[in-house]
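Q: Just need the whole structure built from these sequences, with the hints factored in.
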Amino acid sequence: MELKNKKWTHDHFYGVREEILKHWPTGADVNFEEAVKYHETIPARKHFAKRLVKAKKNGETLTQPRAGVALLDEHINLLNFLRTEGEADLLPTTIDSYTRQNQYENCANAIEESMKAGRSLLNGFPAVNHGVHGVRKLVESVDGPLQVRHGTPDARLLTEITLAGGFTSYEGGGISYNIPYAKSVSLEKTIYDWQYNDRLVGIYAEHGIEINREPFGPLTGTLVPPCISHAVAIIEGILAAEQGVKNITLGYGQCGNLFQDVAAIKALEQLAEEYLVKHGYSDCVLTTVFHQWMGGFPQDEAKAFAVISWGAAAAALAKATKVIVKTPHEALGIPTKEANAMGLRATKQLINMLADQPFPMTAEVDIEVEMIKAETRCILDKVFELGNGDFASGSVRAFEAGVLDVPFAPSQYSLNKILPARDNNGAVRLFDVGNLPFTQDIIDFHKAKIDARAKEEGRKASFQMVIDDIYAISKGRLVGRPNK
Amino acid sequence: MENNKVKVILGVIGADCHAVGNKILNYAFTSAGFEVVNLGVLVPQEEFVNAAIETDAKAILVASLYGHGEIDCRGLRERCRESGLGDILLYVGGNLVVGKTDFTEVHKKFIEMGYDRVYEPGILPDQVVIDLKNDLGL
Chain A
1 MELKNKKWTH DHFYGVREEI LKHWPTGADV NFEEAVKYHE TIPARKHFAK RLVKAKKNGE
61 TLTQPRAGVA LLDEHINLLN FLRTEGEADL LPTTIDSYTR QNQYENCANA IEESMKAGRS
121 LLNGFPAVNH GVHGVRKLVE SVDGPLQVRH GTPDARLLTE ITLAGGFTSY EGGGISYNIP
181 YAKSVSLEKT IYDWQYNDRL VGIYAEHGIE INREPFGPLT GTLVPPCISH AVAIIEGILA
241 AEQGVKNITL GYGQCGNLFQ DVAAIKALEQ LAEEYLVKHG YSDCVLTTVF HQWMGGFPQD
301 EAKAFAVISW GAAAAALAKA TKVIVKTPHE ALGIPTKEAN AMGLRATKQL INMLADQPFP
361 MTAEVDIEVE MIKAETRCIL DKVFELGNGD FASGSVRAFE AGVLDVPFAP SQYSLNKILP
421 ARDNNGAVRL FDVGNLPFTQ DIIDFHKAKI DARAKEEGRK ASFQMVIDDI YAISKGRLVG
481 RPNK
Chain B
1 MENNKVKVIL GVIGADCHAV GNKILNYAFT SAGFEVVNLG VLVPQEEFVN AAIETDAKAI
61 LVASLYGHGE IDCRGLRERC RESGLGDILL YVGGNLVVGK TDFTEVHKKF IEMGYDRVYE
121 PGILPDQVVI DLKNDLGL
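Same order as they appear, the protein sequences are chains A and B.
Quick note: the first sequence uses the working numbering, first residue 1, plus one each step.
Quick note: the second sequence uses the working numbering, first residue 1, plus one each step.
Keep in mind that the hints were calculated from the coordinates and are not lab data.
Honestly, I wouldn't trust all of these hints.
To be verified - Short, incomplete list of chain B residues facing chain A, as computed with Cβ under 7 Å:
#: 1; residue: 17
#: 2; residue: 20
#: 3; residue: 40
#: 4; residue: 66
#: 5; residue: 95
#: 6; residue: 98
C-beta: ideal position from N, C-alpha, C; glycine also.
A: If you want it as structure tokens, here you go:
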């Protein structure tokens with residue numbers, strides 16, 4: 001198999017498909033033609049892709065939680081609660097971690113145990129085990145647009161079942177669901193397997209069924225500089241578009257400095273549009289998603305609400321199309337539905353209050369936009385060059401060379417050479433740029449920013465500074481200053 | 001060169017891929033003078049046991065952040081005994097169950113499973129290092 005960013009042929013796709021549907025018995029219930037007819041009956045108000053397009057047109061920022069439990073009826077109750085009590089605009093179905101590793105047998109056991117225990121022992125909804133019929137019951141019992149959210153390196157059967165079941169949005173990508181979610185699965189394999197998922201969405205599109213696709217923006221969620229996540233997002237957008245995907249949402253995880261966060265969304269929109277058109281995909285609808293702070297949270301719920309609200313404010317001021325919401329239980333793991341709804345309501349209040357306050361394009365924001373674009377271009381253009389004009393094989397080579405590198409990634413296929421740290425204003429910079437293909441100007445910019453902080457704190461930049469930054473928000477501040 | 005450092009096994013159990021705390025713990029225990037055999041994320045029980053046997057480790061430090069800890073951690077003590085590791089120190093920490101739960105219950109549950117120390121969310125690596133040194137008489 002030679003990995004290329006090239007639309008799969010009919011024979012290739014259907015050859016692989018035959019095998020995939022045999023991976024677990026519920027695969028037998030997938031019938032594409034019948035699924036297309038089912039999708040035609042889904043009303044616009046429950047249609048994820050259409051709701052995003054409307055929000056973009058109206059300049060809205062929609063709210064969306066994360067949520068999923070083991071049993072079907074409990075999951076339906078959970079989502080309805082988040083819709084009514086949490087006022088969520090968009091709904092998720094978070095998939096459990098056994099499904100993400102294709103351990104459907106473990107899911108079956110945990111479903112049994114959850115029934116006995118009267119509570120969910122899984123951290124998400126095992127959609128493959130529930131099958132097309134279970135998923136359709138969910139879709140029909142919940143009054144809102146539904147998206148699959150997960151973290152699955154090989155999601156092909158999950159994609160088949162959830163899309164045939166009536167989901168209208170699907171998260172993930174060959175890079176963003178490998179590097180942060182796997183240890184030893186090669187990028188060739190995940191990019192190839194995700195071409196399958198994108199091609200399936202493309203085939204639905206060719207039958208008039210629009211399904212939204214969203215690469216996972218925040219990656220490891222730990223001090224990821226915007227240029228890294230933007231480069232991955234734009235590559236995954238291009239890979240999806242090549243397979244025929246027409247409705248794409250690109251994401252970014254909040255870093256915490258408002259100027260950098262607002263600039264990141266602006267830069268992402270502008271660059272993605274430019275690169276998609278430049279590479280021949282001019283008929284895609286692009287929207288953006290802003291993730292509230294993905295790192296460690298304070299345990300104190302009042303403090304957690306402050307972090308949530310700051311993320312809500314940044315999302316609204318950046319005019320992201322939607323925001324993924326955290327909860328006051330974040331520091332302690334999976335939230336109750338009540339806590340989840342509270343995070344949603346706090347976010348909604350902030351967004352509504354800021355809806356009529358456009359954030360001015362200040363000089364600070366301008367500089368950040370220009371820096372992020374320059375950095376991201378360096379990476380993207382080098383990836384394209386390493387692939388001899390191909391973003392798929394180029395991505396594999398770029399990770400080998402450290403041209404693409406994600407901080408704190410579990411995957412052995414990420415070089416893990418770069419080290420991020422905050423500057424004096426809390427913006428995320430790089431104190432070690434590793435092998436990122438930056439110009440000298442950009443390298444000097446990062447060095448100056450980190451040096452200024454080190455001087456202010458009277459210490460050298462080191463791994464300890466990075467650790468201090470990782471813990472800082474959970475301990476009550478943005479920048480991990482040393483104790484005085 | 002003779003290496004007298006005490007070896008500890010570190011890893012994130014089950015289908016969990018939370019890598020950040022793992023890297024910080026690796027750094028903290030290495031800085032504190034231990035030799036860390038870091039198995040990283042997505043580690044099955046038998047891999048913890050095999051690594052402990054192969055390296056003659058004095059402790060196994062298990063992390064679980066994603067809520068399946070209750071299922072994944074069960075039976076590790078029995079597996080250690082069956083493999084001849086007997087009462088090797090077993091520590092566990094993280095977000096061990098699904099949902100915000102009273103920690104005393106969680107603590108009790110994992111102590112009954114045979115873990116020597118059970119850490120609640122938010123504990124800092126320094127505390128675990130101090131405990132380990134105490135438990136090993138270092």
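Q: For each hint, tell me whether it holds in the structure or not.
A: Hints versus structure:
1. 17: With a minimum Cβ separation of about 5 Å from chain A (threshold 7 Å), the hint on residue 17 (chain B) holds.
2. 20: holds (5 Å)
3. 40: holds (6 Å)
4. 66: holds (5 Å)
5. 95: holds (3 Å)
6. 98: holds (5 Å)
When the structure is compared with the earlier hints, no violation turns up for any of them.
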